[in-house]
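4 protein chains.
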Amino acid sequence: MASAPFFALVAGAGPGTGRAVALKFAKTYPVVVLARSPDSYRDIVAEIKQAGGQALGISADIINADSVNSAFETIKKELPGSKLAAAIYNVSGGFVKTPFLELKLDEVDNGLDVGVRGFFRFAQNSLPLLLDSVSGAPHPPSLLITGATASVKGSAQFGSFAAGKFALRALGQSLSREFGPQGVHVAHVVVDGIIDIPRTKNFTTASSAEDAKLKPEAIAETYWHLHTQHRSAFTQELDIRPYVENY
Amino acid sequence: MASAPFFALVAGAGPGTGRAVALKFAKTYPVVVLARSPDSYRDIVAEIKQAGGQALGISADIINADSVNSAFETIKKELPGSKLAAAIYNVSGGFVKTPFLELKLDEVDNGLDVGVRGFFRFAQNSLPLLLDSVSGAPHPPSLLITGATASVKGSAQFGSFAAGKFALRALGQSLSREFGPQGVHVAHVVVDGIIDIPRTKNFTTASSAEDAKLKPEAIAETYWHLHTQHRSAFTQELDIRPYVENY
Amino acid sequence: MASAPFFALVAGAGPGTGRAVALKFAKTYPVVVLARSPDSYRDIVAEIKQAGGQALGISADIINADSVNSAFETIKKELPGSKLAAAIYNVSGGFVKTPFLELKLDEVDNGLDVGVRGFFRFAQNSLPLLLDSVSGAPHPPSLLITGATASVKGSAQFGSFAAGKFALRALGQSLSREFGPQGVHVAHVVVDGIIDIPRTKNFTTASSAEDAKLKPEAIAETYWHLHTQHRSAFTQELDIRPYVENY
Amino acid sequence: MASAPFFALVAGAGPGTGRAVALKFAKTYPVVVLARSPDSYRDIVAEIKQAGGQALGISADIINADSVNSAFETIKKELPGSKLAAAIYNVSGGFVKTPFLELKLDEVDNGLDVGVRGFFRFAQNSLPLLLDSVSGAPHPPSLLITGATASVKGSAQFGSFAAGKFALRALGQSLSREFGPQGVHVAHVVVDGIIDIPRTKNFTTASSAEDAKLKPEAIAETYWHLHTQHRSAFTQELDIRPYVENY
Chain A
1 MASAPFFALV AGAGPGTGRA VALKFAKTYP VVVLARSPDS YRDIVAEIKQ AGGQALGISA
61 DIINADSVNS AFETIKKELP GSKLAAAIYN VSGGFVKTPF LELKLDEVDN GLDVGVRGFF
121 RFAQNSLPLL LDSVSGAPHP PSLLITGATA SVKGSAQFGS FAAGKFALRA LGQSLSREFG
181 PQGVHVAHVV VDGIIDIPRT KNFTTASSAE DAKLKPEAIA ETYWHLHTQH RSAFTQELDI
241 RPYVENY
Chain B
1 MASAPFFALV AGAGPGTGRA VALKFAKTYP VVVLARSPDS YRDIVAEIKQ AGGQALGISA
61 DIINADSVNS AFETIKKELP GSKLAAAIYN VSGGFVKTPF LELKLDEVDN GLDVGVRGFF
121 RFAQNSLPLL LDSVSGAPHP PSLLITGATA SVKGSAQFGS FAAGKFALRA LGQSLSREFG
181 PQGVHVAHVV VDGIIDIPRT KNFTTASSAE DAKLKPEAIA ETYWHLHTQH RSAFTQELDI
241 RPYVENY
Chain C
1 MASAPFFALV AGAGPGTGRA VALKFAKTYP VVVLARSPDS YRDIVAEIKQ AGGQALGISA
61 DIINADSVNS AFETIKKELP GSKLAAAIYN VSGGFVKTPF LELKLDEVDN GLDVGVRGFF
121 RFAQNSLPLL LDSVSGAPHP PSLLITGATA SVKGSAQFGS FAAGKFALRA LGQSLSREFG
181 PQGVHVAHVV VDGIIDIPRT KNFTTASSAE DAKLKPEAIA ETYWHLHTQH RSAFTQELDI
241 RPYVENY
Chain D
1 MASAPFFALV AGAGPGTGRA VALKFAKTYP VVVLARSPDS YRDIVAEIKQ AGGQALGISA
61 DIINADSVNS AFETIKKELP GSKLAAAIYN VSGGFVKTPF LELKLDEVDN GLDVGVRGFF
121 RFAQNSLPLL LDSVSGAPHP PSLLITGATA SVKGSAQFGS FAAGKFALRA LGQSLSREFG
181 PQGVHVAHVV VDGIIDIPRT KNFTTASSAE DAKLKPEAIA ETYWHLHTQH RSAFTQELDI
241 RPYVENY
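Those sequence lines, one after another, are chains A, B, C and D. Residues in the first sequence are numbered from 1 upward in steps of one, following my numbering. Residues in the second sequence are numbered from 1 upward in steps of one, following my numbering. Residues in the third sequence are numbered from 1 upward in steps of one, following my numbering. Residues in the fourth sequence are numbered from 1 upward in steps of one, following my numbering.
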């Protein structure tokens, strides 16, 4: 990938938020997309290139330290001299509603792999690069985190998922307070509702109205807005949900 | 003012958020500015016109029903056929930190005048117009509300101010749940920090760093973003604060 | 009423929380019950006396300054030398789910009468008495406030009720931060659910299970616990709801 | 230990909350105290016995599955036929304020050991016993969880501690919603302030006033109150803090 002064990094590509955010940020920056398998990022990279942008897909398993470190090494090699403008953490583990007494510790721990340990690795690799971009970047370097309803409410039989999401929110708040004053914008987005992707096509929503599921492109607009906020008016947290959502 | 298909309405003009929001929205819509006295809106209207936009100032006292109703009559007469795209409630009463036992009921009630009764009048006049804009408007018609730290925390000796701000937040939540499904976007902005205007020039901030006060133009960008959010991804509440703010 | 060293004061008597709290506190203190009409407190006073306690009912309209002041004059006269151990604000206005555009300003303002102005009068009269009890009282003098689900959530078509309840919560927080360090315990109870009284007999609950409505006596136990908390471990806010409640 | 119909279980003994809660509950129930080392529970057990109560100390490392399972086996053997009335999770890892970029993943993971995995093991072993006590117990069987300021706020350089505490709060909420309707009371206590124990003797508090640190005995009173709440009026969360605390 031709080197450019600033690039964006999206961890957790997929057909929804990850893809849309990558496409949105690719209008301004070369975008690096991290995903466990090339199947997840291949189309996104192609789409960005077709639209005239630059993109690089890297296979990386967020829950594996070596894999994450190696991805950041690849970035350094492939984008020499390029600086990080925005890092988006959009990784989400799968989860199944499970009675607590049937839950295995492994399942709980898997939630923490994504919500805590994976984010920890991603943030520890990204923050030094973001700090290094503070002077000179067109917008305050940003670390944007995807949350969910379960980030703020522990529902019955969703304890494992909520534990990871609550913990991720805690880390985002803490990083915001530590790195905000150094010029890095850390923000957390509570996505409250079903995202409109092929996999959720038959999911039932509270309302049968049009646009009752979150459009990934609409989500991406808000991520971009967060990235472009002036440092005198940073948002730490916001919610987004369909207009017809019950909440 | 020449009629245009859609206009924006800002209640509570002044040198800070009100002025900046009016200027920002004036790049797209003719803007009507409500303020108690022409002294508050005169410069804003002139500035908008000078920049090639359209603006109309109307004197209105938000705590006086007749005055508010008459302002909406004036709007109807001056902008025939024009529809309301966005209504911004940015009215804030003055307040002084006061020991509770020295507080007069009148002072408390004045806070409610702005936070509750004034907003009630503004919203009852605006919402039918916003509903009427749902089909056809370029963006979901929006009712945007300016909150403060006191909207979410009742500090010592700020009870009167907080009571009005908490109540205003309650109304915003309630309207969001009632009018969201009808297509109107109701959002509440928690402005946490000191706004950078001439009057606050000598106010002390937690940090002596640059940009330690909220730039009104930065606030306005976020209001505009809220207005342009797609209805599948509405934000109900967000905070904005300077990067160096203690919170 | 024979004078005693410390007494309790309950504003907003009625068949539910008010009555139960009065009965509970009457096991330790003489209790003064304020209500708009003797019909509301007559039975409570009789019940307390029958159980061997002391009680005094006073007609007072919380939304009328003269009436409130006069009630406190009566208290001073009837309980000479007695000090205030606990003041409980349990006044709640009626409310009806109403579409916002059909709401009258008067209805909103009535909500504020109870939630803000009434409480203001009650607190301004009570706090000097509570401060005067700090040294010598068996438990930290307490100002206990009854909240509701609407204190923390503005539901659709409940804006008016929520505005008053949010504002009341704001005042409670503020007073807690101002008077806590002076030794007065200000606490707010979020009662989330239907209270089990004759009037709600036919109200539907989420579950048909036994005890799906809050027992007033159970609520009163928690008020008493709040009153008896040591000053090194004050609770400012708690929720109470039936075990089967959806939330 | 002589078998008794109901017993209480405290995980995380120590000189503060754990000891005081054990002593308080021992006035009514035989108490089993779990701690990593006998040094932590020896004095507590002796104190309870000296006061005429029954107590059993078991060495158990909450972050070790075998150790936890073995402790519950020991309980079954030592208290045949006895049922669990209350399980208190009061385990807290140590933590040091650490800049995020200096944090090791192990330190973060240690926080999760206590906040998530340890609690998971404790809850999975306790909840079947608590469910088994629903019918017949003098009070609703209770699972009480000790939280902290970091349960609701992620402060700078406290990310690791907050992640564990947020996650623990999530699990508590989720269990409350799942097991509440089955009659088990799950409550979370946000302890906001410094606890008055020998180790904190020289810790500075915001105020130099008396009682500026939480008395463990005062905390224990609130745990006992939560345990004795009627099922029609369960508290899910409350805060406790010294009257002079800044918050």
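Since the hints were made in silico from the structure, they are not lab data. Possibly wrong hints are sitting among the right ones.
Which copy is meant is left open, so a pair is good if it fits within one copy or across any two.
[Claimed, not checked] Quick list of in silico lysine-lysine cross-link-like pairs, BS3-like style, CA-CA up to 27 Å: (1) K27 - K77; (2) K83 - K201; (3) K27 - K104; (4) K104 - K77; (5) K83 - K97; (6) K49 - K104; (7) K76 - K104; (8) K153 - K27; (9) K97 - K49.
Against which earlier hints does the structure fall short, listed by number upward?
Checked against the structure, the hints that fail are numbers 2, 3, 5, 6, 8 and 9, while the rest are satisfied.
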